[in-house]
Every structure is written in C-alpha cells, then in structure tokens.
Amino acid sequence: MSDAVVPHRSEDNAQAPRGGAGWLRSALDSDIFYSFRRSKLTMVAAAVTVLFFLLAIFASWLAVQNPFDPAQLQLINSRIPPLWAADGQSPFLLGTDEQGRDVFSAILYGMRISLAAGVSGVVFAGALGIVLGLIAGYFGGVIDTIIMRIADVQLTFPAILIALLVNGVAKSVLGNRLDETATLGVLVIAIGLSFWVQYARTVRGSVMVEKNKDYVAAAQLIGLPAPKIMLRHVLPNTMGPILVIATINLALAIITEATLSFLGSGMPDTMPSLGTLIRIGNNYLFAGEWWIVAFPGIALAGLILSINLLGDWLRDALNPKLR
Amino acid sequence: MSAALIDVKNLRRVFDVSKPWLNRVLEGGHLEFLKAVDGVSFDIKRGETLALVGESGSGKTTVARMVVGLLPPTSGEVIIDGVSMTDPRQAQARRRLRRRIQMIFQDPYASLNPRFRVDAIVAEPIRAFELIQGERDIKARVGELLSLVGLHPDDGLKFPHEFSGGQRQRIAIARALASEAEFIVCDEPTSALDVSVQAQILNLMRDLQDKFGLTYLFISHNLAVVRHMASRIGVMYLGRIVEITEGRRLFDNPRMPYTKMLLGAVPDLAMSGRQRIPVKGEIPNPINPPPGCAFNPRCPLAFELCRRKTPELIDGVACHSVNNPAAAIPA
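From first to last, the protein sequence lines are chains L and V. According to full-length UniProt numbering, the residues represented by the first sequence are 1 to 323, in order. According to full-length UniProt numbering, the residues represented by the second sequence are 1 to 331, in order.
Hint data in this document are derived by calculation from the structure and do not stem from the laboratory. Where is the CB? At the ideal position from N, CA and C, for every residue including glycine. Wrong hints could be hidden among the right ones.
Non-contacting residues of chain V with respect to chain L, defined by C-beta distances greater than 10 Å in every case (computed) [unchecked claim]:
#1 G143
#2 S179
#3 P284
In silico lysine-lysine, DSS-like type, Cα no more than 25 Å apart, as pairs [what the hints assert, rightly or not]:
#4 K228/L / K139/V
#5 K211/V / K260/V
#6 K211/V / K45/V
#7 K158/V / K213/L
#8 K35/V / K309/V
#9 K45/V / K9/V
#10 K211/V / K139/V
#11 K228/L / K9/V
#12 K260/V / K280/V
#13 K9/V / K213/L
#14 K158/V / K139/V
#15 K35/V / K211/V
With the hints as extra help, turn the sequences into a complete structure.
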C-alpha cells in the first residue's frame, strides 16, 4: 500500500505542477480540455463566440464609421444594398439603412452594446443570486424561507415581464433624464432582477450539501466567522454549476435585451443594440431593403447559438455522470 | 495524573423531528422529539484517552460534536480546563480555549476542502489563531507538521485528491496539531480506512499522544480499535452511557449484558469454539424508546424492574441486574 510510515514518493513531486508552465500543462491535460478537443461543434462555437467578442471589443478600429455619431452619417448614403448587389458601394460591406448608417458598423457597435448589457446583466444577476443563495443555504431557517419564497414568487413571472416592469418604472421615474448610458444601466438591472432566482436556487442547493461536510465543521472549530467560511470554503465548492448557468444565461440575457430593444423599451435609435437594429430594419423589410434587418438578425442568432452550444458543452463536461 | 481536563455533566441533546407545522395541522400527528443524547456524564484526565463505543444511532457522534462546541447541547454542561463551553458569560475565555481543542473527522474525503492545497489546509489554524507571523515561518511550521505525521514537506503543494484515505487522515491530524491543541476529539478516525492503514493511523495517534501529552476523546464502533487506543471505555446505548470503566477491566470482566453482547461480537481467534452471547435484535427507535432500561427488549437478564425504571449509572454500570442482584432473576 502507498500508505507506508514515510509514504512520500519523490517521483510524484518531480511532476508536481509549479509555476505558470505547469499550470498550463495541467490545464491542457485536463478532462475538460480533452472533451473540448473531441467536439468539433464546440470548437466552432467557441471560435465564433471569441470572434464576436473580438469584433465587439475592437469595433472602433474595424468599423468604417461610428454609427452613434450623427455627424458621420450622410443621408446621401442611405439605403445602399450590400456590396455584392448591383448597386452596392464601397465601403458599405453590408449596405446602409435609411439614415445612411453602415449596417456592418452598426452591427459591430450594436453587438458591443448587446454583449455589454448581457455580460453586466449576468454578472449582476449572478452576484445577487449567489449572495442571497449563500445566505439562504448557510443560515437556513427563517432567512432561508423569506429569500426562497420571494424567489418562488418571482419565478411565476416571465423574465421579460419583470424586465419590462423595471424598464417602465425607470422610464416614468427618470423621464427625460434617461439618456443612453442610463438606459443601458436600467437594462442591466432589469436583466439582473429577472435572472437571479436560478443562481440563488442553485447556490442554495449546493451550499446545503457543502455546509454539512466536515471541512466546514473544521473551519467552524477554529472559530472562523461565518462570512469567511462562506466565502473561503463553501462558495468555491459551489461554483461549477454556476459557471454553466452563467454561460447559458448570457445567451438568454442577450436575447432579453434584444427583445426589450425590439419592443421599444430598450436601447434608443441613437445608440442601437442588435435588438434596436432589428426593430429599425423590420420597418423596411417589406420595402425590399432586407439587409437592414437580416444582417443584425443573423449576427444575433449566430452569437446566441454559439454561446448556447458552449453552455451545453460546459454542462456536459462538468457533469461526471455523463462521462 | 492531574485533575480532569474535560468534565461533561449530564449532557442532553434533543432533536425536533416533527413534521412541518402545516402537515401536522392537516394530517394530524404531534410534535416528535429524538433524544440523541440523554444525560451523559464523564470526565477525561489530562493525557488520557476515553473511548466511547456503541452501535450506530447510540449518540456517540452527537456527544463528540457537543464536546467540541459544534452543536449546542439542549441541557447539561461541558467544562474544559475550568471553562464552560456553554456559559455565555465565559465567551472570552472560550475563545482562548478554542485553540486547544481540535477534532479529527470520520470521513477524510469530506474533512479537507478539495479546493485548498494541503499547506493552506494545515496553515489555516495557524493563521486563524495568529500563532506564527510571517509567511516563511508559517511555511516552515507546516513542513514540520507534515513530517511529524509521516508526510513529506513538499506534499503541501498538492491537493487533497492526490492522496489516499490514510494520507488524508494524516493531513487532518497535522491540521489538528497545527493549533498546538491539547485535547483532540476523534470521531471514528479510522472507520473509513483499510484495516492495514487503520493500524498505522492509530499508532501515529498514540505516538503523538506520548510526544505532546495529548488528551483524546475517541469515538468508535470498533472494539478492537478501542482496545488498542483507550485507557478508559464508555459503552453507549441509545444516548446513555451504560457502562464506563477502565479499558482492560471492560474486556476482561464486562458486567452490563449489552457490553457482553458487544464483546461477543468481536471476531477473535481466542474466542473460537467458545460460547458467545449472540447479538440479537436491533437498537430501538430513539423517537419512541422502550420504557425503563432502553436495552430491556434485547436483554437476556431483563426482569420486571428493567421495564419500569431507567437504571442509574452506579459504580460505572447502569444495569438493574448488576446493581440490584437480589431483585434479579438468577442468570
């Protein structure tokens, strides 16, 4: 047996991961990376997601104009079809809309807004849900009941309804002071408030399992305060499922933002997100100017699909029962 | 031997196992309570090992958790080195005392945080009690502790899943020693391990006891393990101590019928061919224990008094037929 009186095996230590290179090697050796490499679909989805993120981040370098700056738009360039069509004009790769706004540039900038709203919304929802779930699961009793009943009530409303509600309230309270940036903030809060329940439930469930394990008792025994035990010991051991939910929720959050913008209670025309672009383009669809709505729609669909595929893969890869 | 380090007085713990309020109202039924521990008293002298043995559900682990303060007792008192673990007025003194009490858990796969490296696990009590300042000195101390339990100082860089069960238990012991504890509660520390590894861990624990003068409260269901470790043994049955005596005496001359039954169940070459008292029946439901002595439905010597009155612990035995032989049916 390996458990001799001095059970140290020196050859193991020679391979012990140390420093950055060792960390990278063990990451490349891991089961998750193996399952990633085995699935071509996942690799494509990851590539598309990364591409979209890069396009959004470097939008100001890639776009031919800043679609948010009215001074750069010229009406003479309005309604130009895509480059490959008969009337296409350089540099408007995907054509222009009725304002003379380059569709490709608008997609890049719009994607930036959409991703910013989605990521911040997920981070906000996650932070709220994790904190409430952690408190509910760790302390239990009345606190748990109050938090989880609120969550149950909220779960009976569709997420989009809550988002619409938050938006409506913000609009009537802030009125004209609601500029583009404030709208983005309201969207993030609306998304966060509609999605936190899932995080809270998942975290609560994992915490209730983890808190009864003896390593938590060992931490209690040396008198660590409850918040420290929750953050240092319990929380890191509940993060696996959270990562999966966050990935899948990112797609949902982007869709929610797009839906709100499409319905007109999201980003304004002056600072359009993908959803706003689709709403604008929708008006011109039957006039034959299909490119104004089609390309933002394709971009949104591609983004959502690839993020969802990544989320599905992550769920399967982290679930040992499916191996 | 000096005076008792640990003094446990009439410890009781009742769990509410009733159905939720709404169910009780709609379906009928009433409040139900489970007496996990019912009036347990013992003391442990400095440097001594007291073992508590008993079947599953006899309340051993509940006692262990109450003694270290992980579980508040329903009533009764735990006094460690003169400081009450339950008295709110002694919170200040208890905080200082906490460093000196540690626990080794049953399942070495659950008692080490899987996300921490071993050196962080062992260093945690040192940091929490601020015993050593400076990263370099903490690291040196962790290496020293790991060597002490038979691991290599470099093992600190690994994660718990890279170790076997026995090695993990060594890490847990190193963590218990890290705070320079004097009193260690061991809750079935070897029951999750292979027999061959059990002996190594037990020997390590005895060596450390001799070296540092540790005091152990040793919880086990395994009499062979207890015989090896304990200077005194308490036998628990359904939340009560039914016999408590010096280790050798318990094995040579068990008095309580339940103890005889347990000893009869120990596989032993010397016992082969001899008459055993077979273990019959099961531990009763603790929510609804039998009246009188809880052991009476299984006891071969039970008589009328046993079904009526709970026996007191007199001279280390709680049994009517031992303490009051005149009234008993001759065995």
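A quick look at each hint next to the structure:
1. G143: Holds: least Cβ distance 12 Å, greater than 10 Å.
2. S179: 6 Å, violated
3. P284: 26 Å, holds
4. K228/L / K139/V: The given pair, whose Cα atoms are some 22 Å apart, holds under the 25 Å limit.
5. K211/V / K260/V: 34 Å, violated
6. K211/V / K45/V: 17 Å, holds
7. K158/V / K213/L: 21 Å, holds
8. K35/V / K309/V: 17 Å, holds
9. K45/V / K9/V: 15 Å, holds
10. K211/V / K139/V: With Cα atoms ~22 Å apart, K211/V and K139/V stay inside 25 Å; holds.
11. K228/L / K9/V: 33 Å, violated
12. K260/V / K280/V: This hinted pair holds, its Cα atoms lying about 12 Å apart.
13. K9/V / K213/L: Violated, at roughly 28 Å.
14. K158/V / K139/V: 14 Å, holds
15. K35/V / K211/V: Given that 25 Å is the threshold and the Cα spacing comes to 38 Å, the pair is violated.
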